[in-house]
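Student: Put together the whole structure using the sequences plus the hints.
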Amino acid sequence: MTEEQKRMIIAHRIAQELSHGDVVNLGIGLPTLVASFLPPGLDITFQSENGFVGLGPDPAPGEEDPDLVNAGGKPVTIMPGGAFFDSALSFAIIRGGHVDVTVLGALEVDAQGNLASWMIPGKMVPGMGGAMDLVVGAKKVIVATSHTTKDGQPKLLKQCRLPLTAAGEVDMVVTELGVFSISGGSMVLHEKHPAWTVEKIRALTEAPLEVASGLKDMVLPVGV
Amino acid sequence: MTEEQKRMIIAHRIAQELSHGDVVNLGIGLPTLVASFLPPGLDITFQSENGFVGLGPDPAPGEEDPDLVNAGGKPVTIMPGGAFFDSALSFAIIRGGHVDVTVLGALEVDAQGNLASWMIPGKMVPGMGGAMDLVVGAKKVIVATSHTTKDGQPKLLKQCRLPLTAAGEVDMVVTELGVFSISGGSMVLHEKHPAWTVEKIRALTEAPLEVASGLKDMVLPVGV
Amino acid sequence: MPAILSISEAVAQVKGGSTVMIGGFMTCGTPTGLVAELARRGVHGLTVIANDTGVQGNGIGMLISAGAVTQLIASHIGTNPETGQRMIDGRLQVELVPQGTLVERIRCGGAGLGGFLTPTGVGTVVAEGKQAIVVDGRTYLLETPLRADVALIKAWKADRKGNLLYRRSARNFNPVMAMAADLVIAEVEEIVEVGELDPDQVMTPGIFVDILVRSVSRHD
Amino acid sequence: MPAILSISEAVAQVKGGSTVMIGGFMTCGTPTGLVAELARRGVHGLTVIANDTGVQGNGIGMLISAGAVTQLIASHIGTNPETGQRMIDGRLQVELVPQGTLVERIRCGGAGLGGFLTPTGVGTVVAEGKQAIVVDGRTYLLETPLRADVALIKAWKADRKGNLLYRRSARNFNPVMAMAADLVIAEVEEIVEVGELDPDQVMTPGIFVDILVRSVSRHD
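Protein chains in written order, with my numbering: chain A, 507 to 730; chain B, 507 to 730; chain C, 2 to 221; chain D, 2 to 221.
Derived by calculation from the structure, the hints in this document are not laboratory data. Ideal Cβ positions, reconstructed from N, Cα and C, are used throughout, including at glycine. A portion of the hints provided could be inaccurate.
Claimed, not checked - Pairs of lysine-lysine residues, derived as BS3-like cross-links and limited to a Cα-Cα distance of at most 25 Å, are as follows:
| hint | chain 1 | residue 1 | chain 2 | residue 2 |
| --- | --- | --- | --- | --- |
| 1 | B | Lys722 | B | Lys512 |
| 2 | A | Lys580 | D | Lys158 |
| 3 | C | Lys158 | D | Lys158 |
| 4 | D | Lys131 | C | Lys131 |
| 5 | B | Lys706 | B | Lys722 |
| 6 | A | Lys629 | A | Lys664 |
| 7 | B | Lys656 | B | Lys629 |
| 8 | A | Lys512 | A | Lys580 |
| 9 | A | Lys706 | A | Lys722 |
| 10 | B | Lys656 | B | Lys706 |
| 11 | B | Lys512 | B | Lys706 |
| 12 | B | Lys580 | C | Lys158 |
To be verified - Residues on chain C that point at chain D, a partial pick, calculated with CB under 7 Å:
| hint | residue |
| --- | --- |
| 13 | Phe117 |
| 14 | Leu118 |
| 15 | Thr119 |
Tutor: Quick look at the structure:
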C-alpha cells in the first residue's frame with residue numbers, strides 16, 4: 507500500500523463513524539481528510555479549536571481570507587449557519603463534552619487507551635496545542651494512524667513510551683489494517699483489511715490483541 | 507435632618523470621590539442617587555452587574571424597554587458607547603478589579619472594614635445578589651449609609667454582629683455626619699457635617715473613632 | 002439542527018423532580034412562555050437554578066406560586082416575598098450563592114471544569130463547609146460546578162441551526178446556562194433562515210441548543 | 002476613553018523585562034504592527050504569553066528572531082523551528098501549556114479568580130508539580146492565573162471609547178487577553194465614532210482598553 511492509500515483507507519473508514527448531527531473536531535494532517543469521505547446528506551458540524559463551528563471546504567484560489575484559518579493556520583471557509591467565538595468558549599465547548607467526536611493522529615497509542623502525540627524528548631517538542639483538551643473533553647476519541655512507523659515498528663503498543671497526551675481516553679483506533687476498540691488492557695479487532703489475516707496484523711501489533719466475535723472486513727474507499 | 511436631606515448629603519459627597527475615567531457600580535437605593543450629583547464634564551462609566559456598561563438616566567415615560575433594566579429590575583437607558591455582555595463577563599469585570607469604585611448601602615459596617623448588608627437572621631434573607639463580588643472585587647469600596655438606624659442605634663460598629671457581606675474590604679464610609687476611612691481597627695473621621703461637633707458624632711458611633719489631623723467640613727449640596 | 006416545537010411540546014420534556022436552570026434577571030430575559038407552561042402543567046419537585054425568583058406571580062414567581070419548586074439555588078430572593086415565606090415554612094429549600102459565583106459555577110459545569118477558586122465569600126457564611134485554598138498568599142474558596150437536566154433560556158432571534166442573539170440586558174444568565182444542561186430549550190421571538198445571521202455576531206452557537214420554541218408575544 | 006497613539010508611541014510603553022501577552026493564532030489575529038515595532042526597538046528580556054510563536058520571521062516569530070524573548074508561555078511552537086532551536090540552545094525558556102488551559106489561565110487572571118480545576122493534563126507531564134484535587138470522584142489539576150504587564154491585541158473595528166469588534170477566526174485569544182493585563186494596547190483596522198457600534202454587538206467593552214493604534218494596513 508502507498509502512504510496515500512493508507513491515508514484514504516483510514517479517513518474513509520472513520521467517516522463512517524460519524525452520525526447525523528455530530529459536532530466533530532478533526533486534527534490537522536490525516537484526520538482532516540475524513541471530511542472528504544462524508545456520506546452525502548449527513549449533517550455534521552466541524553469545530554475548529556481556534557474559534558468557530560461550521561468549518562467548510564478550502565476556499566477557491568484567490569478567495570482566501572487571512573482572518574479565516576483552521577487550527578493549522580491554513581485558509582478555510584465557514585458554512586452558512588456557522589459561528590465564531592473566542593478561545594475561551596472554544597475550549598469550554600471542547601472540555602465541556604460538546605464535541606461528539608474528535609479524530610487525532612498518534613505517535614503511539616496503547617492498550618490502556620493512552621495516547622502519545624505531542625513530543626519526542628530530545629528530538630521534537632512542538633507542544634500539545636489543543637490536543638490534550640480535545641482527548642480529555644470529546645465524547646468519543648478516535649485515533650487515526652498508520653499501523654506502523656515508517657521503519658515498520660508497531661505504533662499500537664502495550665504501553666506508550668513517549669510522554670502522554672492523555673491517559674485512558676482513547677475509544678477507538680483506526681489504521682489501514684483494522685478498526686480497534688480498547689477493552690481491559692487489550693486492543694479488540696472489530697474489522698480488518700480484507701487482504702490481511704489476523705495473524706499478519708498481530709505480528710505488527712505490540713498491544714495484546716483480541717478478536718471481536720463478529721469480525722468483519724473493513725469497507726475500503728472506491729478505487730483503493 | 508429629614509431622611510431625604512441625609513440621602514442627598516451622602517450621595518452628593520460620594521459623587522466628589524469619583525475621578526475622570528472611572529468605572530463605577532452603584533448599588534440600588536441610596537447609592538443610585540450618586541449619579542445625580544456628578545460634576546459636569548466628568549467621564550464616568552457606570553456598570554450594571556446584570557450585564558452592561560454605560561448605564562444612563564431613566565427613560566422618558568413611554569420609552570421604557572423591558573429588555574433594558576438595571577440591577578434592581580427597573581427600566582433604564584444605555585449611553586452611546588456602552589456595551590452589553592453576559593453575567594459571566596459582568597462578574598469577571600467586577601471580581602477582576604475592572605470596577606474602580608463601588609458604592610453600597612449597609613446594615614452595619616465596622617472598624618475592621620467589615621460590611622453586613624444582606625441578611626438579618628430570622629427576619630430578612632433577601633440574598634446577597636452581586637454585593638459580595640462587588641465588595642471583594644472593586645478597587646475602592648465606599649459604603650453609603652445613614653449614621654444610625656431608624657431608632658437611633660449606631661451603624662458604624664466596633665464589630666459587625668450580622669452575617670458579613672465581606673471581611674475587611676471597606677475603604678470609606680460616608681454618612682450624613684461625616685466621611686470616614688478605616689485604619690488599624692479604628693474609623694478615622696476626615697470630614698464632618700458643619701453643624702455637628704466631633705463629640706456629638708462620637709456619641710452616635712460605636713466604632714473607635716480617630717480624628718484626622720486635617721479635619722474639614724463636608725461640602726453639602728446646594729439647598730440642604 | 003434543533004427541533005422547532007410548540008411551547009407545550011417542549012415543556013412536556015421537563016420531568017418532575019428534575020433540575021432546571023432558568024435564564025433571566027428579575028424577569029428580564031426570562032423565558033416567560035416556557036415558565037408559565039411549566040407552572041400550568043403541575044410538575045412537582047423541581048430544583049431550580051436561577052439568579053432570582055422574579056416577583057410574586059411573574060417570571061419564576063409563577064413556578065414558586067404553583068408549588069413546583071422544592072429546591073432553589075439563587076443569588077437573590079428579596080423581590081418575591083412568597084419565596085421567602087415558603088423558605089421559612091420549610092416547603093422550599095434555598096441555597097443562596099453570590100451572583101458572580103453562581104454564574105461561574107454554571108460556566109464551570111458547561112466548560113468541563115471541576116471548580117474554581119474565588120475570593121468572594123471568604124470570611125462569610127458562604128465559606129462554611131468549603132475548602133479554602135491559598136494561592137500566592139491570598140485565600141480563595143473552592144466552588145464547584147453546577148449542571149442541570151434542562152435549561153430554559155430566552156433569546157431574541159434564532160436561526161434554524163439554533164444560533165442565538167440576545168437583546169440588551171436580557172442576555173444575562175442565558176448564554177451560560179445554554180452550555181450547562183443536558184437539554185436546552187430556547188424561547189425566541191423570531192426564527193430566521195440559516196445564513197441570515199452574521200457568524201461574527203452569534204452569541205450562542207447553535208450546537209448548544211436542542212429545542213427552539215417561538216415566544217407567544219414579544220416581551221410577554 | 003483610550004488614548005489614540007501612533008504605533009511607535011504605543012510600543013514605547015513596553016519596557017524591557019516585562020511580561021507581554023500577544024493575541025493571535027498562527028499569525029491570524031496577531032497585532033503585527035505592534036509586534037514588528039517591538040522587535041525593531043531592540044527591547045530585551047521579555048516574557049511572552051501567546052498561543053504560539055507564528056512562523057519564522059512573521060508574527061511573534063519577529064520577536065523570537067530579534068532575541069527579545071527570554072521566557073515563553075505557549076501551547077505550540079512547532080511551526081517556528083527557530084523557537085525550538087533557541088529553546089534547545091538554552092537561550093529561551095519555554096513553558097508549554099495545553100491550549101484550553103492557557104486561555105483559561107488568562108481568563109482567570111482577568112476575572113479575579115485564583116485558579117481552576119481542569120481534567121486536561123491529568124496523567125501527563127503537565128501534571129508535574131501541580132496540586133491534584135478530586136471533586137465528585139474525578140481528578141483535576143489546579144491551574145493558576147496568568148496576568149501580564151501589557152497585552153498587545155488585534156481587533157477589526159474600534160470606537161473612540163475602545164469598544165472592539167473582531168473579525169472571523171482572528172478573534173481567538175484577543176478578547177481574553179484584553180482582560181488580563183495592566184496596560185492593554187489594541188491595534189485596529191478602523192476607528193469609528195462613539196455611538197456607531199451596536200452595544201449588543203461589542204465583543205470587548207472599551208473599559209478594558211487603554212491605547213488604540215491604527216494598523217498600517219489591513220491584514221498586514
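Student: To test your reading of the hints: which numbers does this structure violate?
Tutor: No numbers; nothing is violated.
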